[in-house]
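Visitor: Here the protein sequences come in this chain order: E and U.
In terms of the working numbering, the first sequence opens at residue 117 and continues consecutively.
In terms of the working numbering, the second sequence opens at residue 202 and continues consecutively.
Don't take every hint at face value.
Listed below are the simulated DSS-like cross-link pairs for lysine-lysine, each with C-alpha atoms no more than 25 Å apart in a straight line [claimed, not checked]:
| # | chain 1 | residue 1 | chain 2 | residue 2 |
| --- | --- | --- | --- | --- |
| 1 | U | K651 | U | K613 |
| 2 | U | K493 | E | K167 |
| 3 | E | K152 | U | K574 |
| 4 | U | K511 | U | K618 |
| 5 | U | K345 | E | K152 |
Not close to chain E: a few residues of chain U, all C-beta gaps over 10 Å, as computed [stated by the list, open to error]:
| # | residue |
| --- | --- |
| 6 | R207 |
| 7 | R368 |
| 8 | P374 |
| 9 | R396 |
| 10 | M439 |
| 11 | G500 |
| 12 | A503 |
| 13 | R559 |
| 14 | S715 |
Which stretches of chain U does chain E cover? Using the computed rule of at least three CB atoms under 8 Å from a CB of chain E, they are [what the hints assert, rightly or not]:
| # | segment |
| --- | --- |
| 15 | 291-305 |
| 16 | 582-594 |
The hints are simulated quantities; they were obtained by calculation from the structure and are not laboratory data.
Built from N, CA and C at the ideal position, the CB exists for glycine as well.
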Amino acid sequence: MGANRLACLVVGAGAMLGAAGVAAGQWRDGAQVYEKVCAHCHEANVGPVLKGRQLPQVYIERVVRHGNRAMPSFRPSEIDDTALAEVAQLIGASAPAVKE
Amino acid sequence: MSSNDRTLPKGVTAADFDKAMREIRAIVGAEHVLVDEEPLAPYNKIMMPVADAQHAPSAAVMPDGVEEIQRIVKVANTYRIPVYPVSTGKNIGYGSAAPVQRGQIVLDLRRMNRILDVDAELCTALVEPGVTYQQLYDYLQENKLPLWFSCPAPSAIAGPVGNMVDRGVGYTPYGEHFMFSCGMEVVLADGEVLRTGMGAMENSNTWQVFKWGYGPTLDGIFTQSNYGIVTKMGMWLMPAPPDFRPFCIQYPNETDITKIVDALRPLRIAMVIPNAVVIAHTLWEAPCTPVKRADYFTGPGAIPDDAVLKIQADHGIGAWNVYAGLYGTKETNDANWKIIEAVAAGTGGTIITEEASRGSQALQYRFDLMKGKPNLGEFGLYNWRGGGGSVWFAPVSQAKGTETLKQMKMAKEILGKYGFDYVGEFIVGWRDMHHVIDLLYDRSDETQTKNAYACYDELLHTFANEGYGMYRASTAFAEKVAATYGPVKRDVEKRLKKALDPNNIIAPGRCGISL
Ligand SMILES: Cc1cc2nc3c(=O)[nH]c(=O)nc-3n(C[C@H](O)[C@H](O)[C@H](O)COP(=O)(O)OP(=O)(O)OC[C@H]3O[C@@H](n4cnc5c(N)ncnc54)[C@H](O)[C@@H]3O)c2cc1C
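All chains, please: the whole structure from these sequences, using the hints.
Guide: Take a look at the structure:
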């Protein structure tokens, strides 16, 4: 019974996704891009910390599009221009990450 | 830019190319076609030891939908312009989103990122090529579905379709990804749409549950090939187990690998251990711990063994670090845990449980991968040398202890000759092992880049002479790797190419296949 309920929920969600077509390559906002992409390295002791360094927005945007040494490049199909501008702005204006 | 420095597909005039691009713009919309150098930069970022120019695209096209792709291949046939499909385009160290040959148009499918269906009862999914593992993970979480999938290490930014068509691997019991795919939709070079397996039959509802259909099973020919553009893929998901117990067993000596493999193989074949067992060398663990190479060695050449021993001692890293998990109920895992403890004790290994691992970055990302939780922890590898050079060397071996030691020694010797470190791991598939070595070098250093190329070349040919073939290879070495598999196989591949893609328009050169 539990499984059936789940199936209904999924079919419903699936149908909805299909119809809405999930605006491709689009993000809710820059914060979501940061959380789902950037943070995996830049808040995980893998890539350098970016927050609180007042990095210029154009610099961030350029590094994201071109990649930098081991950092992969990200295409507009992955992070659209609007979302990229938002995340770059957010990083540039951020306070330093608080160390616990 | 003068028309002279334009990157054009081989044998295509600038006038024809421009005409083709106009037609493609009309299909996908001008904003989804890139032809200028600056916007194309993300498609030319590579880590392989060859010049960027060798893999420069002439354009990138971002279609959204099967029908658009059908129309694009028609244009490609008219003007004989090759298209190189990528799904999420993160085949990093094997090629990324850059085309296999200079001048090809990248067909970037990342916009096609719909999760079309998830069936919680049958534990199946149907996805488009642009779906990332992170997206699928979030979808399952948000909908509170107790389902897991298997993913490769760059899971947060890569996706199931691209990984499967390159026959990638992951770390849950469903880790052999092609084996756990079920049903594909493929746009062929002539624009026809093929659904494999049960999908060929109209009204069938068994596309994602029965792989074979009727007649020849075709799915395999669309993996590591260029016979079609995969636009949908079915995949099996696993029910989240009531009890999951990942573990690491550390061993003190390099030569221990012999007994490790021989002790674990029977458990893997009998499926007491249901997931791929990873046996990672110290130098794979160190950069992900993270340990800095420069703190231990700054001289020229490969890092010496005594520095490696010091790293092991200083940071509590094994010479080999074995990762696997138990997936079951508390009762079955309690029973199987006793077997694991006995094996570790009998082979001189030290077990680290999940509780004991807290605070270790290297162990945490592994344990997360073993339950299909996306992360990018393994990118720590790239801090070892720095400089962004990486090419994967990945020969297959038997899951036998003596074989691994032999392969490791061969690899270490050749890497050392060119001044590179042995950063390697063995992944016990079932009866096979993928021996995965990350040839790390500084791509901004011309000599190191040249050496990396020569080193890979020597590795490839020395291993082939011993009968060890690659499970997968970077686009820079596609032709050479294909050649190691002999002429008959290549001839058959060519005949298939001729039949399915007579104008040679889909990714010519991929896996060495071209007309
Ligand atoms: C640190 C690190 C760790 C890694 N660990 C792993 C690992 O654990 N396991 C593993 O398997 N890999 C690993 N990789 C390699 C690679 O990053 C992954 O396999 C990744 O999933 C591949 O990228 P992708 O999914 O974006 O595929 P893509 O780049 O989209 O495609 C891969 C190849 O398939 C072809 N292709 C893609 N889509 C289609 C399509 N729709 N139709 C026809 N052909 C297509 C492309 O032409 C390309 O050659 C690792 C890489 C790095 C950098």
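Visitor: Now tell me, hint by hint, if it's right for this structure.
Guide: Outcome of the hint check:
1. K651(U) to K613(U): Holds - the C-alpha atoms of K613(U) and K651(U) are around 18 Å apart, at most 25 Å.
2. K493(U) to K167(E): holds, 23 Å
3. K152(E) to K574(U): holds, 12 Å
4. K511(U) to K618(U): holds, 22 Å
5. K345(U) to K152(E): Holds. K345(U) to K152(E) sits at ~19 Å (cutoff 25 Å).
6. R207: The claim stands: R207(U) keeps its Cβ more than 10 Å from every Cβ of chain E (closest is about 20 Å).
7. R368: holds, 21 Å
8. P374: holds, 20 Å
9. R396: holds, 17 Å
10. M439: Non-interface label stands for M439(U): nearest chain E Cβ at 15 Å, farther than 10 Å.
11. G500: holds, 22 Å
12. A503: holds, 20 Å
13. R559: The claim stands: R559(U) keeps its Cβ more than 10 Å from every Cβ of chain E (closest is about 15 Å).
14. S715: At about 26 Å from chain E, S715(U) clears the 10 Å cut-off, so the statement holds.
15. 291-305: holds (count 4)
16. 582-594: holds (count 6)
Consistency with the previously given hints is maintained throughout, with no hint failing.
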